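Chains as they are written, first to last, in the working numbering: chain A, 568 to 912; chain B, 568 to 912; chain C, 568 to 912; chain D, 568 to 912.
FYI, nobody ran anything at the bench for these hints, they're computed from the structure.
Mixed in with the good hints there might be a few duds.
A pair counts as met if it fits within one copy or between any two copies, since identical chains are not told apart.
As the list claims (entries may be wrong) - Simulated pairs of lysine-lysine, DSS-like, Cα-Cα distance not exceeding 30 Å: (1) Lys-681 <-> Lys-597; (2) Lys-633 <-> Lys-594; (3) Lys-847 <-> Lys-630; (4) Lys-718 <-> Lys-774.
None of the values given here were measured: they were computed from a predicted structure.
Number of protein chains: 4
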Amino acid sequence: MNKKLMIAAALVAVAGVAAGLAPEMKKWQKGKGWGWVWGAQDEIGSLNEMTDASRLAALRLAKQGKVYDLGVLYDRNTYKWPGHSPGEIIAFRTPEGVKRQQDIPGVIQDNPTKTAWHSCALFINDNVATQIDGLGHATEGEDDPWYNGFKEKDWGGNWGPRKCDASTIPSVIARGVLIDVAGAKGVDALPPNTAITPADLEEALKKQGTTLEPGDVVLIRTGTLRHWGETGADHATIGRHDSAGITLESAKWLVAEHGAMLVGSDTSGLEYNPAPEDNKAYREKYKSFMPVHNYLLIEQGVHIGEFHNLEELAREKAYEFCYVACTNKIKGATAGFTLRPIAIR
Amino acid sequence: MNKKLMIAAALVAVAGVAAGLAPEMKKWQKGKGWGWVWGAQDEIGSLNEMTDASRLAALRLAKQGKVYDLGVLYDRNTYKWPGHSPGEIIAFRTPEGVKRQQDIPGVIQDNPTKTAWHSCALFINDNVATQIDGLGHATEGEDDPWYNGFKEKDWGGNWGPRKCDASTIPSVIARGVLIDVAGAKGVDALPPNTAITPADLEEALKKQGTTLEPGDVVLIRTGTLRHWGETGADHATIGRHDSAGITLESAKWLVAEHGAMLVGSDTSGLEYNPAPEDNKAYREKYKSFMPVHNYLLIEQGVHIGEFHNLEELAREKAYEFCYVACTNKIKGATAGFTLRPIAIR
Amino acid sequence: MNKKLMIAAALVAVAGVAAGLAPEMKKWQKGKGWGWVWGAQDEIGSLNEMTDASRLAALRLAKQGKVYDLGVLYDRNTYKWPGHSPGEIIAFRTPEGVKRQQDIPGVIQDNPTKTAWHSCALFINDNVATQIDGLGHATEGEDDPWYNGFKEKDWGGNWGPRKCDASTIPSVIARGVLIDVAGAKGVDALPPNTAITPADLEEALKKQGTTLEPGDVVLIRTGTLRHWGETGADHATIGRHDSAGITLESAKWLVAEHGAMLVGSDTSGLEYNPAPEDNKAYREKYKSFMPVHNYLLIEQGVHIGEFHNLEELAREKAYEFCYVACTNKIKGATAGFTLRPIAIR
Amino acid sequence: MNKKLMIAAALVAVAGVAAGLAPEMKKWQKGKGWGWVWGAQDEIGSLNEMTDASRLAALRLAKQGKVYDLGVLYDRNTYKWPGHSPGEIIAFRTPEGVKRQQDIPGVIQDNPTKTAWHSCALFINDNVATQIDGLGHATEGEDDPWYNGFKEKDWGGNWGPRKCDASTIPSVIARGVLIDVAGAKGVDALPPNTAITPADLEEALKKQGTTLEPGDVVLIRTGTLRHWGETGADHATIGRHDSAGITLESAKWLVAEHGAMLVGSDTSGLEYNPAPEDNKAYREKYKSFMPVHNYLLIEQGVHIGEFHNLEELAREKAYEFCYVACTNKIKGATAGFTLRPIAIR
């Protein structure tokens, strides 16, 4: 491409974004969202909406080159949902250990520079720290089907689901929008068991002056991660705020009405968790113990972002940005985990 | 920012890149490279060169929004250096298992929708699949110091090095350059134990018509990953080609002469491994069994990229691009692993 | 018990064993063996035959107090069936690491003696080194039932089978008999893919002058473990001999005709594995790829001993002894593993 | 050996025990104990005292053949010292998973009997459930030496200590003695932070009518394990009683005065742990945070038994018995763990 053409192309893209034109959507329908519309073998869901043009438009949202790191740091003490397996990062080889163990004589002998190395072995769960849930994470129904009707008896296995594992999640480059609910309510972090309703989202968007567009990555801030500290060791405090989240109605409002292509938050599970005294009524109303997961992952094919650190974005009132997230490529993993998504401005 | 200003800023950035202006470097010196120039507490090395402006310039290299996935897919069968620990991705919770095990009665009872989930537990090494080596990976000398003089007795530990672990690697957004050595030599993949010299690099760059700039991420293609298949299960074939790599002279040429800020390739270790019959002479000449690692990581503070899949870039002759890599945030890990770096055009 | 009574009791026991009287059996029937005869909830199988009297009689076989260690030493390099997960024993805490990591200040501070400790974290499979297979190890049929008809849909789970896991194996104290087939055939170790027939067992017993009794632990020597070395690192040699083993006919002869209460050998799987060229015919004849496992574990409720080191017993022609094995108490494990059974003479 | 000789030999052994004669000791000295008396390469310590004769005498203590299982059952919820790594027992292969995964076509095809199997992968610490500490577990001093002066810089490594790992612990067959301190004090379990003194031990022995002999395995009951339940899940209650234990003075009394060859209890660490308010004085007096471990393991070469379930022995007032314990054979492990020692009467 010569210089003139290049500048022209850039101008077109910049102008398009500046004019507020949403990239055209392939399958999304207002009032309905997506559903299983991408073909019987699809494992990607709403992220199929991404195109070169949509990515380029998102990249052009970066005007300064400033990067916000949305990942939280993980170690053995990190808060996680108690139903997941624990974790250890263990020094597997150390400079002293390599030399003492003498198990690789060809390497250690004739070693006048005394060269050695560190490496670690990890035991880790695939649902820890900053995550993007794969579409095979949640199942619902008699034969345990997940997104697109893949069933356990057909596509289960000993090494993770064999359809819609997290390695199928394409690199996400899209317009990102922060909805700072905690900020709009004037609190550091939402109180425990706060149910975030569509009205709450609308109110926050209005205060921010932000407009949602189909194809957005929408990140909702509860303020929980202001208590993360270095590695999420204060389980009691994090656990309290971690119960705030969106209701099923909000999930529908975001996806069916506004075309959110990925929905995330700064909690471990995105969705509202009722207080013990409200649990019975909640279960009776929503049937599932995680209706938002079921709706987004299974019914809509919309990935969920969890434990995204939105504190710096909120401090700087950075409500619109280019969101980039690249999931680790591990076959069978049910979520991208210990991720470092970024927001670029 | 209003629309006019925004367009103007974009134009400036676009024009700067179009004019071939390299971003100004902070500490790099031609002929010397970097070294320990960033302060006694620095854990980041040459990546300190990144600025908002350099990132914005790199992002502006994307003209189409096309993404190349440079990560390789990992599973239990994946080829790795035999000195690392093995790996398993194991279904920890499954829909059937959760219901049979009955260990979380509050979740499974009152579950008319029969909701359940998948999660996995992983045992995994932090030096597998697509990696970026942290500056604490290699050590050299009596007290086992690594980059910036951090010593094992001060900064070692049971859970990985406590300085320069991979979680300190900032998100990398920079101009990326592919040097397709295999392509320039007209082979699918370089023969085993091929030593890639500065002359080889120069020849390939010349054939490509590509110019290096200080601050580049330089990725060197041996063609090894054309044998990766789905998950790197053909150890014999991969292992043979995996021994091709750059010499110490090439590493110096890239960093000290050309300012490469991160150097990577499509092999497990970037550097040339001699054939058994050449090993003795090699050791006598270079002293260390991994002189390129020692030079880049320890002496220069330049991170190393490994097992980057460059096949699609090579097929499309995509020699210049925006490189984006975000390392998993795991405290103590010695490398980013199972990564999905991307090239954007 | 006063001294006279004690001596009298000992004399009775000694005399009984000396006279070759077998302990009375509860459920075993010649020609049939056991089967599912111990009640619908039973998880123990033929080991239910043990009584105080049978144990005392076995203990009285010890005349010298000499102990033979039947366990093999396990480490990361140890030979195992390739379908099992790999293993690592990793230093989790080390004296230096504890002090450097400074994660337990209350312990390390005020520590004038500089006290510290070692501990290890293990990733390990429950079917490695010297084993006793639990009755839930093998399944056969449409609903994947195992011993006593326990089915996967009822008694499976995410953390091992919930019936007949190896923690249900009682401490085994019984008369042990070595059948040294390799010795009888005058070879160091049986050739690969040797099928040990009832005639082979009879011949060896005759040469030894040993008689089987109902309730015996029968250990069959192929000689494979003479190639174990320190930790079973020579996979090629071990793997070759490891394919020798008993046929289904021999398993039936041992259990149904002779009342063997536990059958073991010095290989990883006890049973004969056909050479590739014989595999098709073998499968057609026996239907299962492991008919001996199915017969012993599922049909008869007879536990299987694997990788029992019989070399010293063979050298000393110690054909009869008191066998003692105590399985590790890990809920959900499918086999006792890395065991150290002993023979006492 | 003919029948007459056999009976005669048995009589001699029985008579010796009946007469209360202690087996002759090789190196033990009253008032001193052992120390590093077994040679510079020794890794076994006081267990070197065992001989065929001592084992035979111990076996002859079994008069009925009744077995007491001293192991506690372990699972993911089991109480352990918080400084150890967590554990999971995970279904690695399941009948359904094997068939769905289709990763071993040669096994699963041509499988008319639908044979399959269960196996588990474990992540586990080597200091959990019923244990015998190896002599390399504790270190004390500048160069982190352990028993017999083995130092970390010489005998450390990445995969556990390379001297005195738990695989070196010989099968223990010895006279076992229960000292039921909780019983003697008339309590179900000793109150938290109870310091068991020599006077307490003497009082309990006197009440029981039990006499210690050199070479004994001495097991001291606090009653903590009456709160174990199925798998030690009630951490709060276990943790409280777990702080009861013997003082350094008691350890010396047992070893130096009475020749205890192995000292164990029903707690996680055998020794007294002071209440927080007494901690400062305790540290000032004893210097080490675990003086009993240092004395027994390092100075005396006496192994420590932990979490031995003594409840049934106490209920039956079974104060003297044959103790048998066979440690798992894992190279580098620092303790035998998840063991099932037995007492035979």
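Violated hints, by number in ascending order, as checked against the structure: 3 and 4
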